[in-house]
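Can you make the complete structure from the sequences, with help from the hints?
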Amino acid sequence: MVVLMMKAKRFALNKQAINLTLALALITLLSACSSEESLSLSNKSLVYCAEGSPESFNPQIITSGTTVDATANQLYNRLITFNAKDNSIKPSIAKSWHVTGDGKMVTFYLRKNIAFHHTDYFTPSRTLNADDVLFSFNRILDESHQYHQVSGGSYPFFQSVQLRSLIQEIERINDYTIRFKLHRSDSSFLANLATDFSVVLSEEYGQQLAKRNERQHIDVFPIGTGPFKLKEYKVGSLIRYYRHDQYWQGKVELEQLVFDITPSNTGRLTKLLTNECDVVSYPIAHEKIVEHPNLTLESVTSFNVAYLGFNTQKAPFNNIKVRQAIAYAINKKSIVDTIYSGKAEIAKSLLQSASWAYDDKVVDQIYSITKAKELLKEAGFENGFEMDIWAMNVQRPYNPNALTMAKLIQSDLKDIGVEVNIVSYEWATFLQRVGKGEHQTVLLGWTADHPDPDNFFTSLLSCAAVGTGNNSTLWCNEKFDELLQKALKTGNIEKRKVYYSQALAMIAQEMPLLPLAHSKRYQARSNLVRGNILSAFGGIDFSTVTKVAGGSN
Amino acid sequence: MVLLTIVSFSLSFLFPGDALINLSGQINTSPEQLIQLSENYQTENSIFMQYYSYLGHILNGDLGLSMSSQTPINTEIANLLPATIELSMVALLLSMVIGIPLGFIAAIKHNKTADNVILSVAMIGYSIPVFWLGLLAILIFSIVLSWLPSAGQISLLFEIEHVTGIQFIDILLSDNAYKWQAFQNASEHIILPACVIATAPGTIFIRLARTSMLEVLETSYIRAARAKGLTFNQIIYRHAIRNALVKIIRHVGLQFANLVTLAMVTEVIFSWPGIGRWLIESIYQRDYTSIHSGLLVLSCFIFIVHILTDFIYAALNPLARDNIHGS
Numbered sequence: 001m002v003v004l005m006m007k008a009k010r011f012a013l014n015k016q017a018i019n020l021t022l023a024l025a026l027i028t029l030l031s032a033c034s035s036e037e038s039l040s041l042s043n044k045s046l047v048y049c050a051e052g053s054p055e056s057f058n059p060q061i062i063t064s065g066t067t068v069d070a071t072a073n074q075l076y077n078r079l080i081t082f083n084a085k086d087n088s089i090k091p092s093i094a095k096s097w098h099v100t101g102d103g104k105m106v107t108f109y110l111r112k113n114i115a116f117h118h119t120d121y122f123t124p125s126r127t128l129n130a131d132d133v134l135f136s137f138n139r140i141l142d143e144s145h146q147y148h149q150v151s152g153g154s155y156p157f158f159q160s161v162q163l164r165s166l167i168q169e170i171e172r173i174n175d176y177t178i179r180f181k182l183h184r185s186d187s188s189f190l191a192n193l194a195t196d197f198s199v200v201l202s203e204e205y206g207q208q209l210a211k212r213n214e215r216q217h218i219d220v221f222p223i224g225t226g227p228f229k230l231k232e233y234k235v236g237s238l239i240r241y242y243r244h245d246q247y248w249q250g251k252v253e254l255e256q257l258v259f260d261i262t263p264s265n266t267g268r269l270t271k272l273l274t275n276e277c278d279v280v281s282y283p284i285a286h287e288k289i290v291e292h293p294n295l296t297l298e299s300v301t302s303f304n305v306a307y308l309g310f311n312t313q314k315a316p317f318n319n320i321k322v323r324q325a326i327a328y329a330i331n332k333k334s335i336v337d338t339i340y341s342g343k344a345e346i347a348k349s350l351l352q353s354a355s356w357a358y359d360d361k362v363v364d365q366i367y368s369i370t371k372a373k374e375l376l377k378e379a380g381f382e383n384g385f386e387m388d389i390w391a392m393n394v395q396r397p398y399n400p401n402a403l404t405m406a407k408l409i410q411s412d413l414k415d416i417g418v419e420v421n422i423v424s425y426e427w428a429t430f431l432q433r434v435g436k437g438e439h440q441t442v443l444l445g446w447t448a449d450h451p452d453p454d455n456f457f458t459s460l461l462s463c464a465a466v467g468t469g470n471n472s473t474l475w476c477n478e479k480f481d482e483l484l485q486k487a488l489k490t491g492n493i494e495k496r497k498v499y500y501s502q503a504l505a506m507i508a509q510e511m512p513l514l515p516l517a518h519s520k521r522y523q524a525r526s527n528l529v530r531g532n533i534l535s536a537f538g539g540i541d542f543s544t545v546t547k548v549a550g551g552s553n
Numbered sequence: 001m002v003l004l005t006i007v008s009f010s011l012s013f014l015f016p017g018d019a020l021i022n023l024s025g026q027i028n029t030s031p032e033q034l035i036q037l038s039e040n041y042q043t044e045n046s047i048f049m050q051y052y053s054y055l056g057h058i059l060n061g062d063l064g065l066s067m068s069s070q071t072p073i074n075t076e077i078a079n080l081l082p083a084t085i086e087l088s089m090v091a092l093l094l095s096m097v098i099g100i101p102l103g104f105i106a107a108i109k110h111n112k113t114a115d116n117v118i119l120s121v122a123m124i125g126y127s128i129p130v131f132w133l134g135l136l137a138i139l140i141f142s143i144v145l146s147w148l149p150s151a152g153q154i155s156l157l158f159e160i161e162h163v164t165g166i167q168f169i170d171i172l173l174s175d176n177a178y179k180w181q182a183f184q185n186a187s188e189h190i191i192l193p194a195c196v197i198a199t200a201p202g203t204i205f206i207r208l209a210r211t212s213m214l215e216v217l218e219t220s221y222i223r224a225a226r227a228k229g230l231t232f233n234q235i236i237y238r239h240a241i242r243n244a245l246v247k248i249i250r251h252v253g254l255q256f257a258n259l260v261t262l263a264m265v266t267e268v269i270f271s272w273p274g275i276g277r278w279l280i281e282s283i284y285q286r287d288y289t290s291i292h293s294g295l296l297v298l299s300c301f302i303f304i305v306h307i308l309t310d311f312i313y314a315a316l317n318p319l320a321r322d323n324i325h326g327s
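So the protein sequences, as listed, match chains A and B. For the first sequence, the numbering used here begins at 1 and goes up steadily by one. For the second sequence, the numbering used here begins at 1 and goes up steadily by one.
It should be emphasised that the hints constitute simulated quantities derived from the structure, not laboratory data. Take these hints with a grain of salt, some might be off.
What the hints assert, rightly or not - Example chain B residues on the side facing chain A (calculated, C-beta under 8 Å, incomplete):
| no. | residue |
| --- | --- |
| 1 | I138 |
| 2 | I143 |
| 3 | S146 |
| 4 | P149 |
| 5 | S150 |
| 6 | A151 |
| 7 | L156 |
| 8 | L157 |
| 9 | E159 |
| 10 | H162 |
| 11 | G165 |
| 12 | S174 |
| 13 | Y178 |
Bear in mind that the values here come from a model prediction, so they are computed numbers and not experimental data. Each residue gets a CB set at the ideal place from its N, CA and C atoms; glycine is no exception.
The following block contains the structure:
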């Protein structure tokens with residue numbers, strides 16, 4: 001309307017005069033923004049283009065990698081954490097810890113003066129102490145805890161490692177000492193506490209919310225001790241973090257950290273190329289990024305495995321010879337070359353060569369059509385048979401393209417007379433149906449939560465995991481489980497190594513699943529961003545990241 | 001308006017699923033809540049009573065909950081609609097400022113090279129599909145030349161408080177230290193999508209302006225003015241432009257509907273946080289409550305713009321004014 005009025009007037013005036021004023025206005029507008037200002041804001045802030053929205057702001061209650069990336073290392077700290085260099089455990093909130101000789105009592109000595117976030121919705125009156133640790137773990141363990149049922153009462157990571165049946169009691173010795181009493185010794189216990197899921201929340205904040213009867217806010221408006229605090233979250237659009245000024249590990253360089261949620265792969269690439277994002281997750285078009293002078297492509301060997309799992313409860317895969325025959329007939333090298341563009345390690349076993357429990361004596365499954373045919377003949381399938389491969393239609397860190405992988409396997413198996421149908425469902429349904437055991441074979445994978453090798457074995461192949469959906473092979477072998485239990489009970493790393501190599505040999509023999517590849521996790525960033533973001537385990541971390549001058553945004 | 005509400009109301013029956021849930025958007029209800037709801041919407045009564053209670057809800061500003069996010073739709077729309085209005089207004093202004101003068105030039109140089117060039121450019125501009133033009137613009141101006149950003153309303157680094165929802169006004173109202181920088185950034189962001197949207201209506205304005213100018217130049221009063229010995233410039237500036245403009249303004253309302261449709265597609269391409277993108281996402285997510293409420297609001301908005309332009313037309317044109325008040 002105003003526009004139209006202006007237009008009407010415009011012709012009453014001299015046109016040239018108008019042009020002049022417009023030009024002047026434009027010049028003032030442009031000169032008003034000095035270049036100094038521009039430098040300062042983009043230097044102190046970083047935009048990360050993430051692939052999806054977090055489900056929650058509390059890593060205790062989720063397992064998705066996207067949520068861990070967005071929350072765990074940004075908002076929180078754990079008692080202990082992993083050393084990025086050698087994957088050993090190092091102190092974090094706990095400055096030191098002590099494990100008794102029988103391994104049944106673990107005492108943590110907490111650091112003093114660790115400040116919680118000061119935000120629009122919470123002002124802490126005290127620093128972190130043993131009450132906060134107690135609160136955080138009791139929420140998971142104690143079903144009668146007032147926060148246990150908030151947000152659904154499901155703690156998938158802790159359920160899968162059976163923390164509740166492991167911990168007998170958590171005892172608060174004094175303000176800065178806390179003791180975990182265990183039912184049995186478990187060598188993966190410390191590693192589990194060092195994962196991104198075992199964060200420490202604020203007890204004081206919990207009490208305040210309970211008083212106001214707003215308990216559900218604890219996972220929506222998070223309070224932690226991490227390097228950043230939440231400022232704003234727009235679902236499906238952005239997360240805005242501000243620096244936590246009293247961060248106990250020293251000053252964080254970035255003042256602002258923004259997660260720009262861009263689910264489209266091409267969208268993230270475009271934003272990277274146009275400088276709208278400084279760092280993007282899971283980039284596509286690797287060659288293009290490598291060629292670009294201002295961009296860097298980086299990768300980290302994350303501990304994961306992509307595998308073909310056989311449903312050992314369904315015919316014909318209840319026959320060990322059929323499983324072995326299929327394993328012989330699959331050409332892993334061509335799969336790794338095609339699907340991962342050769343940028344992954346061919347999986348010889350469930351464990352990666354970087355794991356301490358890796359056994360170099362375990363030989364890779366050889367690729368041999370004749371052997372496969374022989375085995376099929378022995379099993380009574382000389383004329384082949386028909387089978388289903390289930391493949392997901394989403395990109396996962398361990399498998400960028402499961403459907404194409406299924407097609408490659410399809411053509412491989414044609415050589416031994418096996419007809420393959422490829423089945424796919426929407427991701428959530430897919431997992432649900434696999435959990436129920438409706439598949440014949442499935443292309444899946446596993447990303448480790450921590451460097452302890454037990455995370456691969458127990459989660460993927462133990463009898464306890466059969467009902468949980470993690471063990472997609474439904475394979476349950478008592479001898480195998482016994483080996484795993486023995487390995488967990490002993491603290492002696494050499495003995496554990498022996499047990500695990502026996503377990504690996506058993507998998508190679510029984511073939512409940514065929515490991516295919518260990519992939520890398522990729523990330524692309526602008527050259528102006530310095531510092532480590534990716535780590536081998538768990539989520540990304542921006543606490544040590546800086547930006548150098550010279551940026552235009 | 002009544003017709004619109006009837007259409008929107010009947011949509012809730014035509015969509016799959018329970019009509020009551022489609023209307024209210026409450027998917028996780030307990031049986032008690034469901035009874036309460038059906039009382040609210042009077043589903044037990046005749047269809048007319050149901051419609052009546054639906055109207056009551058709308059007039060009270062209750063459009064139900066979004067099925068996918070479970071937030072009230074009216075707050076979502078209040079957050080998103082201003083962004084669309086802003087984008088459409090800038091695009092409309094742009095298309096008029098560029099289209100109308102070009103049309104006039106074409107008319108003045110009738111049947112000469114300039115006329116032909118402008119007409120053929122207009123034809124091409126009108127024929128290019130907007131989604132293709134949008135992608136092309138991103139490729140050229142964002143990726144290859146890196147002049148302009150490709151997505152969003154403003155760089156996410158600027159934290160602008162949501163007051164009116166119209167970004168430029170909000171920036172000026174905010175006490176952000178980087179106000180001018182934010183203003184410049186927001187301007188950079190709006191250029192590409194606005195130009196893309198403006199292309200098609202702009203070319204229509206060219207042709208409208210050309211035709212109406214030609215008509216005006218044929219009229220007797222122009223001939224009279226010419227006979228009085230006025231120079232050509234005087235005739236054009238004092239008489240022809242004003243009279244030709246009045247005719248064009250009548251069409252602005254019509255073009256606005258076209259423009260909003262284009263804006264919806266463009267919002268998706270440029271990730272503009274407006275109602276068009278939200279509506280298209282709702283369609284993907286089969287969020288029926290959002291779809292029919294969103295359509296209702298958008299249609300009402302276009303309707304209001306139509307009425308407004310008619311008023312303006314009447315205000316500017318004494319002849320039309322007399323028609324309304326007269327006889």
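Hint by hint, where does the structure go against what was stated? Just the numbers, ascending.
10, 11, 12
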